[in-house]
Amino acid sequence: MIDLIHVTKHFGDAVAVDDISLSVARGELCVLVGTSGCGKSTTLRMINRLIEHSEGEIHIDGQQIREFREESLRRRMGYAIQSTGLFPHWTVARNIGLVPRLLKWPAARIQARVEELMALLGLDLEEFADKYPHQLSGGQAQRVGVARALAADPDILLMDEPFGALDPLTREGLQEELRELQGRLEKTIVFVTHDMDEALRLADHLVVMHQGRIKQQGRPLELLREPADAFVESLLGGEGRGLKEAALLPVSQRMLPLGPRLLARERIGQQASLREALSLMLWRHAERLTVVDDDDLPVGELSLRRLVGVRSDD
Amino acid sequence: MPVERPRHNIVLLSLSLIGLLVWLALDTVSVAPNRIVPGTAHGLVASLGWGGALVSALPLLALGALARRPTPTALRLALGLTVVQLATLPLWLSLAAHRLVDPDALGARLGIGAGVWLLLFLLLMLLVELRSRLSLSRLAGVSLLAAPLAVLGWCLTQWLVPLALWQEYQGRRDQFLGAILEHLALVGVAVGASLLLGVAAALAMRRWQAAQRIGFGVLNFLQTIPSIALFGLLLAPLAWLSAHVDWLAALGVSGIGWAPALLALVGYSLLPMVRNTFVALEAVDPGVIDAARGMGMSRGQVFRQVRLPLALPVILEGVRITTVQAIGLTAVAALIGAGGLGTFIFQGLGQAAMDLVLLGALPILVLALVADALLGALTETLRPGGAE
Numbered sequence: 000m001i002d003l004i005h006v007t008k009h010f011g012d013a014v015a016v017d018d019i020s021l022s023v024a025r026g027e028l029c030v031l032v033g034t035s036g037c038g039k040s041t042t043l044r045m046i047n048r049l050i051e052h053s054e055g056e057i058h059i060d061g062q063q064i065r066e067f068r069e070e071s072l073r074r075r076m077g078y079a080i081q082s083t084g085l086f087p088h089w090t091v092a093r094n095i096g097l098v099p100r101l102l103k104w105p106a107a108r109i110q111a112r113v114e115e116l117m118a119l120l121g122l123d124l125e126e127f128a129d130k131y132p133h134q135l136s137g138g139q140a141q142r143v144g145v146a147r148a149l150a151a152d153p154d155i156l157l158m159d160e161p162f163g164a165l166d167p168l169t170r171e172g173l174q175e176e177l178r179e180l181q182g183r184l185e186k187t188i189v190f191v192t193h194d195m196d197e198a199l200r201l202a203d204h205l206v207v208m209h210q211g212r213i214k215q216q217g218r219p220l221e222l223l224r225e226p227a228d229a230f231v232e233s234l235l236g237g238e239g240r241g242l243k244e245a246a247l248l249p250v251s252q253r254m255l256p257l258g259p260r261l262l263a264r265e266r267i268g269q270q271a272s273l274r275e276a277l278s279l280m281l282w283r284h285a286e287r288l289t290v291v292d293d294d295d296l297p298v299g300e301l302s303l304r305r306l307v308g309v310r311s312d313d
Numbered sequence: 000m001p002v003e004r005p006r007h008n009i010v011l012l013s014l015s016l017i018g019l020l021v022w023l024a025l026d027t028v029s030v031a032p033n034r035i036v037p038g039t040a041h042g043l044v045a046s047l048g049w050g051g052a053l054v055s056a057l058p059l060l061a062l063g064a065l066a067r068r069p070t071p072t073a074l075r076l077a078l079g080l081t082v083v084q085l086a087t088l089p090l091w092l093s094l095a096a097h098r099l100v101d102p103d104a105l106g107a108r109l110g111i112g113a114g115v116w117l118l119l120f121l122l123l124m125l126l127v128e129l130r131s132r133l134s135l136s137r138l139a140g141v142s143l144l145a146a147p148l149a150v151l152g153w154c155l156t157q158w159l160v161p162l163a164l165w166q167e168y169q170g171r172r173d174q175f176l177g178a179i180l181e182h183l184a185l186v187g188v189a190v191g192a193s194l195l196l197g198v199a200a201a202l203a204m205r206r207w208q209a210a211q212r213i214g215f216g217v218l219n220f221l222q223t224i225p226s227i228a229l230f231g232l233l234l235a236p237l238a239w240l241s242a243h244v245d246w247l248a249a250l251g252v253s254g255i256g257w258a259p260a261l262l263a264l265v266g267y268s269l270l271p272m273v274r275n276t277f278v279a280l281e282a283v284d285p286g287v288i289d290a291a292r293g294m295g296m297s298r299g300q301v302f303r304q305v306r307l308p309l310a311l312p313v314i315l316e317g318v319r320i321t322t323v324q325a326i327g328l329t330a331v332a333a334l335i336g337a338g339g340l341g342t343f344i345f346q347g348l349g350q351a352a353m354d355l356v357l358l359g360a361l362p363i364l365v366l367a368l369v370a371d372a373l374l375g376a377l378t379e380t381l382r383p384g385g386a387e
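Residue numbers (numbering that gives the first Met the number 0), protein chains in the order written: chain L, 0 to 313; chain G, 0 to 387.
The following block holds chain G by itself, in its conformation from the complex (with noise of 0.2 Å):
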């Protein structure tokens, strides 16, 4: 057999030049004297000065070397590296806003270019690829943001004033924690009603077949209603409700405004869970259920003991589905009063305030990730004997 050489590790190796590419030859940051006006772009010499546009390229340069030789000492140091670059990312912001931005114009503002961006998104991919080559838990992963996230944090307080993204969450302080807060309740009570819900309908399905043709059919038909279309329709027999039902009204129910929003994502998140649901409880092996059964188990006992924790982790990945999916949703319902996140991107698209858009659509963005990690890590721990 031939003796196995480290090869090079052609993920990072191009995740680290498309990013050294990205970082030379697209904006860096533009700058508008206020909110309206749409601002000048800027490149990367034009903002960091031929010294600092040298000295940021450094670290990406050096990950591509690393990734000719793979060696666990490489990886690990080009971990470093990543983070690094990810930590230094606010402060050639910074750098940038203390060149281009006049210090006595006040309502100027600092956008952030598409190299920035794009740089951030192939250093996070970087980092997902070097936590799974290295092995290191989910945790691990998370916990190495720590530091470029304070970095941000400080930075935001000094020297990046004027960045516009931090000057509209400036403006909407107060709203910005009760809009999370509305979105994650809405999310959370349509997830939570839909897990209740899909369970029931699954186990129905599972007993009767008429109820599984007839239920999966009408979950195929609304998943295929478009969203904006399905708050429409709710509007008048809820409207009629309210105006009828005295207690409904009482509650808050109308037209608009949470109601139907929660109405739509419960319909929306239902097929994915009853879904997973099913599947996970039939998929379970039937050898098993039949030792089960034949060991003297009774009915009961056989699905609690026995299918349900083997189908949990299958379950518990219809939530994450359907828990990522609501978060996006959930900025759609915005449109009919619902609040949440979406109140924000809905104002910015109408007022052509891009950074507003932003301040909806990152936060969002976050949500899902954190949603989607943590589940998929409860889903990790719960599988049987550590492993399948």
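The shape of chain L in the complex, shown without the other chains (with noise of 0.2 Å):
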């Protein structure tokens, strides 16, 4: 869907991206994740030429990104970024509407396009389609943006720290319904941030970016793993990398089916992270969970062993 190839980017003679190449796969969200300067914006603003590349090459389907119109270019992808981007002078439902006016889409078809994607993202129609940016808040805005961002229906979508100004609650909301809306809308995604919790929430690939270069890509498990170098090591958390993991796995993963003992006291649903098991076993100073489904049935046991990951129980 879209590879880089032996990319490089010069600034006069500094060299913010050095020979990179990235293949992204179509439905996956790939994450760059590196300290600020490290290229990965520049990386992802090469990809709708806000910056064009040096040296290399990028495309999109196999094609040239230069073998298209710069705008015709930028109208297929979705752009999504920290700021947002609204226009403060437009009404939410002129915001959201923006690329389909200029792909110069018949208005009905456009309000119908709205309609759908405001209701896509929790936006009530009635409450929000004519305010204007400044009466929204972070997270209500940051919703907007992605609306936005989604509005042509476009395969790729560019996005840069879009969560990275919002309070640490809205934000994990934001994360989750984004890979909710992943899941559903296929999109080919480039998420860019230097949150490396949210890196590994939301990654289906993970590229770690460093000096222009990419230190290591692949599985968020796979890096947490086997981090390539000390750096992607300690990016990764180093010595809690352990907790990271843990907030990767969920718990129907390590669960025993039911013995005949009796049922623990406290349960968890079988969808929630080791992470959270292994705290409230901290919290409840218990050793043993009944895992329950979404019904709140019981279905299963997690003993703190089996937690660690020790082979057998008992």
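No wet-lab data here; the hints were simulated from the structure.
No experiment lies behind these values; they were computed from the predicted model shown.
Don't take every hint at face value.
What the hints assert, rightly or not - So the derived label-pair ranges between C-beta atoms look like this: (1) L:Arg65 to G:Arg298: 17 to 25 Å; (2) L:Ser278 to G:Val278: 47 to 55 Å; (3) G:Leu180 to L:Asp129: 42 to 50 Å.
Glycine is no exception: its CB is placed at the ideal position from the N, C-alpha and C atoms.
Need the complex rebuilt from these two chains, each delivered in its own frame; the hints are there to steer you.
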């Protein structure tokens, strides 16, 4: 879907991005993560040609991006940024309808699409359609930003720290929704962040960048288990990696079927992460938890030994 | 948390007390037997008698009392009292004219004293303060002036005939409207031309760094030349041009008159216009521009649909400043024969007739205030989403 082949970007003598190669498959959520100034935003902005790459090739569906007209290339890709970039002089509805209008859709179709997107992102039509951006909270504004990015139903979504300025609670809510949307809409997403927890939570494909180069890429669990070097290891949290990994694994993966013993008093959902299970054990001083399904019916049990990965129980 | 009680409105209190003070202490009117002789000043009691003095001070006392408990009702009452006080000022002047001016002395004139001018000023300040406290629109504030103006107009036809300012106006009735139109034409053309040039210059400066440095240098320099000197400096080259270029001479261009006035006005207007336009265009949130480009807007679309509309309120702010400044500066242009209301000012100065000076100065003041209010209101309506 998106291929970067030996791409380099110079600004004068400075090298911002140094010979990187990266393939993002269709429907994949690829997260570029790294410290500030590592070239992750530059990489993102080269994909929609807000920054022109100096060397190498960038392909979209096998076609070089320089073969497209800049504007038509960008209209095929959604773009969401940290400051939302909503137009302060336009209403929410008009902001969302921006790209369809640029593509000269008929008014009725734009209207229908705006309504559909507002419903998709949980923005009440009556309440928000005619509001202006300054009347929205940070989370609402970012929802509008994402809705606007999705407006023309692009295959590709480029997101530059879209949740960076939000409070942790709102941020987690939107991350959850993004994953859920991604599962439903099957967009190809390139997502830039400096927040490793966010990166691990969202990524199918995690790319760690440092000083303009790709240090390591792969699935989040692979990187956690086998960091390529000390830098990646420390970025992933060093000794704290265990908890980060536990946060990615669901309880259902480690639980045992219900045994003949009495059910443990403390319960946890099977979709909860091992991290949450561990936290509950610490909090309640419990060595065993009863795992329940969505209807709160017991489906298995999880002991501390199983949780930490010891093969046999007892 | 402590319960919030309405505190004294200190602005209302001090304005009404100062108003009371100047009304009681300063001259109310002056009476002169003819135009040239300086008049004799009369205080409040001499002008209105004890009864009149007392009654005329009552609304001010009441205003002071209302300031102690500024509830919304009290503020509305205060607004009413202010308008009443404004509307009664012409009546008090009429009373003074009746008492002090001999109806048989034909040339006798009634001058308005410092007390009345200052009270007028303070009352207008009160009006502004109360308007904002009660969050009334600009339009409502202006329409409140209708009643006092109507009273003034009526008094002028009946009892205020000896008012010196009115007599000066009667003497120059025909020139007065012409002078206002000339004044407005000069301001309009100067502001219009500097708007076009200013936007062009600001766009050029955004494009080329060098133009920015040189442009602001030249404009800042222009601004430092005193206006009279600039008129003088333009005299020679324009006289030369009109002597050597036939069609310019046919157009009426010469070393004095409207041509140098217009050039100087445009020169002065350019700096605020260019500066505001430039800053307005530069100050648009880069995140918004980034998003606009990233969404696939062309450069032209970004400029027309995003940058320009967002910059417009600040650009209009520049137009407002420039217009008010040009209205004032055009008065000086009368010195080189450009016409306008400044003519009365300089005639009045020459003849030591202060009322004639006022006949020129007051309309300039009013024009400036009206232009300021109109353009301010326009800017307000253009703010994105009605606020920011």
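Quick rundown of the hints versus the structure:
1. L:Arg65 to G:Arg298: 17 to 25 Å: Holds - the Cβ-Cβ distance for L:Arg65 and G:Arg298, about 18 Å, lies within 17 to 25 Å.
2. L:Ser278 to G:Val278: 47 to 55 Å: holds, 53 Å
3. G:Leu180 to L:Asp129: 42 to 50 Å: holds, 44 Å
When held up to the earlier numbered hints, the structure conflicts with none and fits them all.
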